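With this note's numbering, you'll find the sequence shown wraps up at 279, consecutive numbering, no jumps.
Think of the hints as simulated: they come from the structure by calculation, not from any bench. Being a predicted model, the structure only gives us computed values, none of them experimental. Cβ atoms here follow ideal geometry from the backbone N, Cα and C, with glycine treated the same way. There could be a bad hint or two in this list.
[Claimed, not checked] Pairwise CB distance ranges, derived in the manner of DEER restraints:
{"hint": "1", "residue 1": "275", "residue 2": "242", "range": "13 to 21 Å"}
{"hint": "2", "residue 1": "274", "residue 2": "230", "range": "13 to 21 Å"}
{"hint": "3", "residue 1": "279", "residue 2": "226", "range": "28 to 36 Å"}
{"hint": "4", "residue 1": "243", "residue 2": "277", "range": "26 to 34 Å"}
{"hint": "5", "residue 1": "259", "residue 2": "279", "range": "26 to 34 Å"}
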Amino acid sequence: LWLRRGGGGGGGGGASRQAEARLRRICLGDDGQVDRLIYGELTRAPGVSRAEAASRPVQRYQRDNR
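Please model the complete structure; the sequences and the hints are all you need to start from.
What follows is the structure, encoded as structure tokens:
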């Protein structure tokens, strides 16, 4: 009960970790590439959250590899 996983309110830290984990799998564990992709999104759209900045490259990857 005291361990919360995703889904319920509170800052969205779980969403950010989940999005970054998906991006890290796509990048085959290359942390530098993950950081560059997230930084690029934060630069392109300064108002987005880190979770959104991590999920955008994932969405592009999925779109381009269907």
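Taking the hints in turn, this is what the structure says about them:
1. Checked against the hint of 13 to 21 Å, the C-beta distance between residue 275 and residue 242 comes to roughly 19 Å, which is consistent with it.
2. Hint check: residue 274 to residue 230, Cβ distance near 18 Å, so the stated range 13 to 21 Å holds.
3. In this structure the hint that residue 279 and residue 226 lie 28 to 36 Å apart at CB holds, the actual value being about 30 Å.
4. For the hinted restraint 26 to 34 Å between residue 243 and residue 277, the CB-CB distance of approximately 18 Å leaves it violated.
5. A hinted range of 26 to 34 Å holds for the C-beta pair residue 259 and residue 279, which are about 30 Å apart.
Consistency with the previously given hints fails for number 4 only.
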